[in-house]
Amino acid sequence: MIRVDGVKKFYGHFCALDSLSLKISDGSLFGFVGPNGAGKTTAIKIMTGIIYPDEGSVTIDDMRPEDDLIKYKSMIGYVPDAFGIYNNLKVSEYMEFFAACLGLHGMESRKKTEQLLEYVDLSDRADFYVEALSRGMKQKLALARALINDPPILIMDEPTSGLDPRTRYEFKQMVGELSDRGKTIIISSHILSDISELCTDIAIIDQGSVVMSGRLMDVMKLVTAENPIIITMAGKTMQAIKFLREDDTVKSIAIKGNDIMVNFAGSSKDEAGLLKRLVDAGLPVRSFSREKGSLESIFMQLTGHGEEHTILSYDATEPDN
Amino acid sequence: MMIIGLNTLLFIVSLLGSFGIVNGMEQSSEAMYGRFLRIYELTAFCEYILILLITPLFTASSISGERETGTLDLLMTTYLTPANIIIEKITAAFLSISAAVMSGLPALLIPLMFGGVSIAGVIGLLVSFLPGVFLVLAVSIFASTACRSVTKSIAVSYAALIMMTAGFLVLPVFTRIFSSPGENRFAYILALDPLLPAASMLFSQAGEARNIRLLFDFLKFDPDTAFLNHAALISIILQIAEGVGFAILAVLNITPSRSGSKRILF
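Those protein sequences? They're chains G and P, same order as listed.
Residue 0 is where the first sequence starts when you use numbering that gives the first Met the number 0, and the numbers rise one by one after that.
Residue 0 is where the second sequence starts when you use numbering that gives the first Met the number 0, and the numbers rise one by one after that.
One should not assume that every hint holds.
[Unchecked claim] List time: in silico DSSO-like cross-link candidates among lysine-lysine, alpha-carbon distance up to 27 Å: (1) G/Lys137 <-> G/Lys171; (2) G/Lys70 <-> G/Lys7; (3) G/Lys275 <-> G/Lys241; (4) G/Lys235 <-> G/Lys220; (5) G/Lys220 <-> G/Lys171; (6) G/Lys137 <-> P/Lys219; (7) P/Lys151 <-> G/Lys70; (8) G/Lys111 <-> P/Lys88; (9) P/Lys219 <-> G/Lys89; (10) G/Lys110 <-> G/Lys137; (11) G/Lys182 <-> G/Lys241; (12) G/Lys235 <-> G/Lys182.
The hints are simulated quantities; they were obtained by calculation from the structure and are not laboratory data.
Please take these sequences and the hints and turn them into a complete structure.
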């Protein structure tokens with residue numbers, strides 16, 4: 000298990016991470032989401048042992064990087080956001096160079112290079128110069144490099160950004176396969192659809208602190224429960240609004256196009272009760288459903304950049320215009 | 000490759016100079032060994048200056064360049080320690096420059112066709128360049144760890160090189176104005192100048208060892224005879240120690256630590 004406890008990191012007077020705490024269980028596919036400048040890359044670099052926190056600690060199975068840095072590094076494969084290349088190296092040389100840096104030499108190194116290049120479908124590019132590869136291929140090569148010492152943990156910073164849809168799909172397939180093999184994978188990404196498709200767990204970070212974390216399904220449910228109920232009427236919309244304003248369970252009402260958005264506090268049983276009362280009152284309800292939460296809407300709400308707040312601008316207590 | 004090209008140029012200049020002297024000797028029937036020694040001194044001095052000018056390029060961008068391309072982070076996630084990275088970069092650069100230094104041998108041997116200094120003496124002189132090279136490499140790699148961009152690290156390395164060569168000479172020249180004869184102790188700083196061992200050895204080979212004494216006399220300082228006799232050795236030891244010190248600082252500068260924000264960074 001990876002534990003991040005109260006990590007603080009300052010760059011001069013700027014606080015990049017402010018008491019960041021996380022728990023990432025073994026085998027999980029963890030999505031790390033946050034706006035630009037939220038501290039994701041700093042957090043990732045601290046987790047990989049590239050930089051140390053000013054306060055707090057990061058442990059993998061209770062081991063801190065300070066305890067045994069080499070052993071700590073052996074457990075992590077890192078794919079950075081900026082793909083680091085040596086222009087004068089060929090693909091196979093690049094792999095063999097990093098294999099040597101990770102203690103593999105000679106035949107062992109060549110064999111591993113061949114295996115990994117085949118895995119990421121770059122065998123036919125082994126003799127190409129790295130700089131001649133497309134972005135997608137470079138990203139695959141970065142993944143192959145990160146797997147050289149077969150680490151149990153894979154940390155990827157923005158791995159799918161700038162990739163074409165096909166390469167993104169292939170990359171996600173590979174990540175899914177690696178997760179199925181039991182690797183713990185941490186992905187930071189701005190592409191929230193990728194995170195919601197791939198990840199089992201998530202942490203949303205803003206201004207250096209975690210604003211929400213947990214199982215993706217639980218987070219989605221939690222936010223979905225706070226979403227408005229969308230009621231579409233086949234007619235008598237004004238009567239429906241009047242009826243809803245008199246209902247005690249309705250907190251606020253907003254109108255978006257032909258839909259009535261109801262901010263409703265209650266259980267699913269209460270929701271059913273509200274629908275029954277509307278129908279019993281002879282109001283023609285065409286559809287009645289809780290607005291589904293997307294990772295994007297959660298992200299926007301939690302990081303304070305949401306427009307969803309404005310949807311609920313018509314308060315039930317205000318006079319009807 | 001650049002230094003080998005420059006050494007070739009130096010070889011041609013040395014060759015033409017030597018033939019010029021031989022031509023003069025044929026016409027005057029006078030043996031002018033002193034002129035051969037002047038050519039030897041000039042060639043050796045130019046060789047060393049060229050080496051020193053080129054040396055910062057080998058390490059000044061080594062860490063800042065890796066930082067710019069994002070490969071430093073990758074190296075830091077491998078089993079290489081910061082000390083491994085710095086030592087291996089300095090060693091690779093040192094070996095390349097040593098080969099370049101030795102490629103200057105033919106240019107220095109031409110004036111010696113007519114006698115004077117032995118081949119072992121010339122090789123000894125070239126070896127005396129190496130402590131200065133090591134110091135410049137170490138200072139440059141430290142600048143490379145301390146600067147965020149390649150341009151800055153190269154500029155800082157050359158500023159440091161000027162400081163170490165010209166600066167260490169200018170400072171005692173400046174302080175001599177305020178010193179009584181024989182009292183300008185700032186002249187000891189010359190021992191840190193990478194030019195001193197080479198200059199000392201070169202003067203000694205040309206039979207002009209007293210030139211070092213004259214230099215100190217000019218700086219209004221009367222050092223111990225032991226210091227004067229071993230100026231080259233003392234300077235070499237100091238430069239190696241200084242180089243090791245800068246290499247250690249470079250290692251510390253890229254070592255992750257909880258006080259990372261206190262690193263030297265420009």
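Against the structure, the hints come out as follows:
1. G/Lys137 <-> G/Lys171: holds (15 Å)
2. G/Lys70 <-> G/Lys7: Given pair G/Lys70, G/Lys7 holds - Cα atoms ~24 Å apart, limit 27 Å.
3. G/Lys275 <-> G/Lys241: holds (16 Å)
4. G/Lys235 <-> G/Lys220: Violated, because 32 Å separates the two Cα atoms, which is more than 27 Å.
5. G/Lys220 <-> G/Lys171: holds (24 Å)
6. G/Lys137 <-> P/Lys219: Violated, at roughly 64 Å.
7. P/Lys151 <-> G/Lys70: violated (35 Å)
8. G/Lys111 <-> P/Lys88: holds (26 Å)
9. P/Lys219 <-> G/Lys89: violated (60 Å)
10. G/Lys110 <-> G/Lys137: Roughly 20 Å between the alpha carbons, so the hint for G/Lys110 and G/Lys137 holds.
11. G/Lys182 <-> G/Lys241: This hinted pair is violated, its Cα atoms lying about 55 Å apart.
12. G/Lys235 <-> G/Lys182: Violated - the C-alpha atoms of G/Lys182 and G/Lys235 are around 56 Å apart, more than 27 Å.
Of the hints listed earlier, those the structure fails to meet are numbers 4, 6, 7, 9, 11 and 12, in rising order.
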